[in-house]
Structure formats: C-alpha cells, structure tokens
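I would like the entire structure built from these sequences, with the hints used as guidance.
Note that the working numbering numbers the sequence shown so that position 45 is 45, with each residue one more than the last.
Hints were generated in silico from the structure; no laboratory data involved.
A virtual CB, placed ideally from N, CA and C, is assigned to each residue, including glycine.
A couple of the hints might just be wrong.
Said to hold, decoys possible - Here are the simulated distance ranges between beta carbons:
no., residue 1, residue 2, range
1, V157, C70, 26 to 32 Å
2, R191, S156, 49 to 55 Å
3, S143, T76, 26 to 32 Å
4, M176, Q152, 31 to 37 Å
5, C168, P26, 16 to 22 Å
6, Q152, P67, 25 to 31 Å
7, C139, G84, 29 to 35 Å
8, Q175, L79, 29 to 35 Å
9, A182, A82, 33 to 39 Å
10, D65, L130, 15 to 21 Å
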Amino acid sequence: MSLPSPPPPPPPIRPTWLIPTSMIAPGKSALMGGPTSFWIIHFSGISTLIMSMLASAAVLMHIFDIPLPCFLSLRTKGLFRAIGDSKRSPWPVLGRRNNQLANASGEPDPPDVAEERHQQDIASRFAMYLAFADFCWSCVHMSDHLYLAVRQVFPSVDTSQTFALLVCLFYGYQQMTHSVLALFTYLRVARRTHIELGATGACMRYALVLLLLGS
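So, in structure tokens, the structure goes:
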C-alpha cells in the first residue's frame, strides 16, 4: 500500500510593491495611498519648500540690497533697508581679503572698493551661490508637488518629461554648486590655499552654468 504523496509546496511569495506600478500611469488618480497619506506627503513637502524659498529669497535680497517697505524693514531691525534709504554695497564681504575692505560703519563703499569686493574669490560669495541654487531647485520641486496637489492625477507623458528635464537640470546645477563650494572650502580651510580667480573665475562660473543649461 503506497503512502499518499505530500501536497505540493506553496508557490514562493514574490515581493510586490506596496502600491502596484500598474496604477501609476498618465491620467490615473494620484490618491493611491488614500487622501490622508496624499495630503501629508504634499503638505509637508510644500511647506518645507516654501520655507526654503523664503530663506533663499531673503538671502538674495540682502545680497543685492533690494529694499523693503518701511514697516517690513523695521521688523527686520535694519537688516533690510527701507524704500528710500541710501543704498548699501551690493556685495557684502563674507571673506575679507584685507582690512581695507572692512567697513563697519555701514556706509556705502567707494566705487573702487565695491569693485574690489566684486573681484574677490568664490569664498566671498558662498551665500549667493547656495541661495540661488537652492531657490531654483525649490521652485522646480514645488511645481511637481503643486501639480499633483491641484490636479490629483498623474501628468501626461509630455508634462512628465518636462518635469523630469527640469528636475535633472536644476538638481545637477545644485550638486555642481555644492561640490565646487566644498572643494573651495577644503582648499581654503584645510589646505590654507588661496585661489584668486577674480573676473576670470566669474567668467568660468558663468560658462559652466551656460554649459549645463545648454546640455
């Protein structure tokens, strides 16, 4: 008498996505994880991006000496000048080359000193480069969140390609900016190496930006 054969083993459990990829397609609903999860993700993303954009815009406005209405200028305790006040130097010194550039009185610099500030190396403009790169990246990332939050459907193929191009472009620009600043910081702080690029360095940086945009 033969013994009954054992039942076949159960099929192996294949790993699956938490959300099936078949549900992600142009025109389909983006509320896959439920409205609560959807709004938590996008509300937190939009909130942090707004704070990043405001901070970056404030840095750029201070660097380029853009005035504010009087009541806003008073709330900043003089950090931003009011409309109608005398202009300050548009290039604040973050890394002074010598003591001649120190102007603690807050008075506008003579044209030759202002031009000398403009010709400083990249270390004196760290804040401007970081703020500009982060502001561009935040704008692009914000557009993606806003599209999904307003439409609540996945974008078309053309719109998705546009978002992908912008994200790739400005994320690459942000990473390039951070890597260059990290290199200059290492050379200045760790190696005590001073690289004076001046106007040539500015032309090189503008050429790199145009090359990245053109690619």
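Notebook entry, point to check: Which hints, by number, does the structure contradict?
Noted result: 1 and 6
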